[in-house]
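So the chains spell out like this:
2 protein chains.
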Amino acid sequence: MAATAANRRVILKDYVEGYPREEHMEVLPGAEVPLRLAGDDPPGSVLVRNLYLSCDPYMRPKMSRPLRESYTAAFTPGSVITGYGVARVLDSSDPRLAPGDLVWGITGWEDYSVVKPPATAFLAKISHGGEGGGVPLSYYTGILGMPGLTAYVGFHEICAPKKGETVFVSAASGAVGQLVGQFARLAGCHVVGSAGSKEKVELLKTKFGFHDAFNYKEEPDLAAALKRCFPEGIDIYFENVGGAMLDAVLLNMRVHGRIAVCGFISQYNLREGEKDAVRNLSAVIGKRLRMQGFIEPDHKHLYPQYEAWVLPYIRDGTIAYVEDVAEGLESAPKALIGLFHGRNVGKQLVRIADDE
Amino acid sequence: MAATAANRRVILKDYVEGYPREEHMEVLPGAEVPLRLAGDDPPGSVLVRNLYLSCDPYMRPKMSRPLRESYTAAFTPGSVITGYGVARVLDSSDPRLAPGDLVWGITGWEDYSVVKPPATAFLAKISHGGEGGGVPLSYYTGILGMPGLTAYVGFHEICAPKKGETVFVSAASGAVGQLVGQFARLAGCHVVGSAGSKEKVELLKTKFGFHDAFNYKEEPDLAAALKRCFPEGIDIYFENVGGAMLDAVLLNMRVHGRIAVCGFISQYNLREGEKDAVRNLSAVIGKRLRMQGFIEPDHKHLYPQYEAWVLPYIRDGTIAYVEDVAEGLESAPKALIGLFHGRNVGKQLVRIADDE
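Protein sequence lines, in the order shown, are assigned to chains X and P. The opening residue of the first sequence carries number 0 in numbering that gives the first Met the number 0; numbering runs sequentially from there. The opening residue of the second sequence carries number 0 in numbering that gives the first Met the number 0; numbering runs sequentially from there.
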């Protein structure tokens, strides 16, 4: 292995208002970096070769100028974008990890990253992926990574589904939605999804086993579409989009319904003051609804339980997972931007190196 | 006792749009009614003499033309308005109740009511009120009635407060709010309330022991007022008003905060399409908030536990309860309407007869 290598990096050039565009980011050409930890890297640091990068909706709020405190710090203009990824350890002073280990967790949008404490706490060793593991390594950006645990926690822990209940999932072909739909079907629920194209709607009904699905862009009245799909109402709503869809759902919830609030992707690119109005919240009282927000990092302790539960379903084909893989670090900005226009079909990720 | 008596009745004349006015209701002069159950009253019926009527915000949505299913049926134009009250049993074919018993529950806005099954299930025998009981009978429209159980369930069950947490209560001098504030103080929380007049704000700080309070009508920026009162944020919001206050609260909630959604009184008199927009719901995700709607009838089983807990506090003066008592059935429409203009100071009720 060479003592140095060229490290390309994707940086955020400036804070974003509205929809992100390619010129908000820049792919810097490779600068030589050492392939060993340096003397001034703090104890516990880990040097990795990044293999897959994950494009996730939560990254958009981090691109905005920070207006107020948030659970997730904004990106810093001029610095490398960070996000979930899959990587191979090249050097490590973290006793949990050794050179050659595969890991998933928060890393940088670059060829090589030095992950330093406390961020190393989010690096998890991969036991089942890649050759011999029987599942694609890339799944650790999706079904076996943050989106997988998000779907599991949001559906099973937050929504507490019962057999026979009705479930609605928005952004249903996305990284998280496609899993919630399949988990709901496995739980004996009646599940309907919405997505933004004919192709995605077909995928929901054929590949993911949703009982029904609709293209929200072709529905002039979302509340009427939901009424058509759920004549008796919705017990569980897995919320990925917010805005007008949430308002329509509120009118169609059943008594004692639960709403797991995972994301508001329809709102992330709107400027302050442009956010969609929600006007039907009084349904929360009359229908005794529980709306609960959650984020995956609060539930990391459930990962081993989730992984043990989901792996057999992946291996025997009970659960499918559709990925949309962009090739090469240079394509990462465009892939991320595509999320906010619904261009991806399935989980969006970027492959930046073969698993050498 | 005479075999018949004059029965005055308050009817809803027509469905209400916007704010209710006195002409929406009518007090009909007394028609002679028998003071015994009649042969065609179904088994289990109870004839009562109404003593106190309760004016509660939830009655307003029942005055609107029913647009969609609701947990609470709309009133019927031309019929007697129903609501919570305190009454004495005159005749009963319900084995739980005997003539002379005092009861609280759903009755009519009239001198005498025949309560029929299944509504009789909501009639509860009063054990501690009136002469000898040591607490005013009228309290069974408030602290010992529906508002009391509402405050208890919403605060203790839905919000699960911990000592040292911060609590915000809107409509804080009302029938429910004044109790939530005192329960929060007893739970070792730091509690702040909002109300709509200087007099009410003083009451919060002096009589009810709120640590701080503000007049929302004098605050040009509700979010800034909350930031001033809660520099570290709000752990628990007891929601009685909705609309702009909810939007301001969302910006000031702390991570893992809880919002018990009890009422949206600011919205009840707005027409469809006029409802206030809520635009800050994305805080539910980032702050992992739980918003939960509830209504008191779902929690009736907790009443004995609540009554046993609260009675000693009433008797030893630890908990105060302020009532706003209108005199006579004729004043009932005006008293109810006053709720929606904040004219009441404390729990609004109507005394329609001495406890004969």
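Note that these hints are calculated values from the structure, not bench results. Be aware that one or more of the hints could be misleading.
It does not matter which identical chain is meant; a pair holds if it fits inside one copy or across any two.
Here are the simulated lysine-lysine pairs, BS3-like style, with alpha carbons at most 27 Å apart [stated by the list, open to error]: (1) Lys226 to Lys61; (2) Lys299 to Lys115; (3) Lys226 to Lys274; (4) Lys216 to Lys274; (5) Lys299 to Lys61; (6) Lys299 to Lys12; (7) Lys204 to Lys162; (8) Lys162 to Lys206; (9) Lys226 to Lys115; (10) Lys206 to Lys274; (11) Lys161 to Lys299; (12) Lys197 to Lys162.
Cross-check of the supplied hints:
{"no.": "1", "hint": "Lys226 to Lys61", "in the structure": "between (36 Å within a copy, 24 Å between copies)"}
{"no.": "2", "hint": "Lys299 to Lys115", "in the structure": "within (19 Å within a copy, 54 Å between copies)"}
{"no.": "3", "hint": "Lys226 to Lys274", "in the structure": "both (25 Å within a copy, 22 Å between copies)"}
{"no.": "4", "hint": "Lys216 to Lys274", "in the structure": "both (19 Å within a copy, 25 Å between copies)"}
{"no.": "5", "hint": "Lys299 to Lys61", "in the structure": "within (21 Å within a copy, 46 Å between copies)"}
{"no.": "6", "hint": "Lys299 to Lys12", "in the structure": "neither (32 Å within a copy, 59 Å between copies)"}
{"no.": "7", "hint": "Lys204 to Lys162", "in the structure": "within (20 Å within a copy, 50 Å between copies)"}
{"no.": "8", "hint": "Lys162 to Lys206", "in the structure": "within (22 Å within a copy, 50 Å between copies)"}
{"no.": "9", "hint": "Lys226 to Lys115", "in the structure": "neither (50 Å within a copy, 35 Å between copies)"}
{"no.": "10", "hint": "Lys206 to Lys274", "in the structure": "neither (34 Å within a copy, 41 Å between copies)"}
{"no.": "11", "hint": "Lys161 to Lys299", "in the structure": "both (24 Å within a copy, 24 Å between copies)"}
{"no.": "12", "hint": "Lys197 to Lys162", "in the structure": "neither (29 Å within a copy, 53 Å between copies)"}
In summary, the structure is inconsistent with hints 6, 9, 10 and 12 from the numbered list given earlier, while agreeing with the others.
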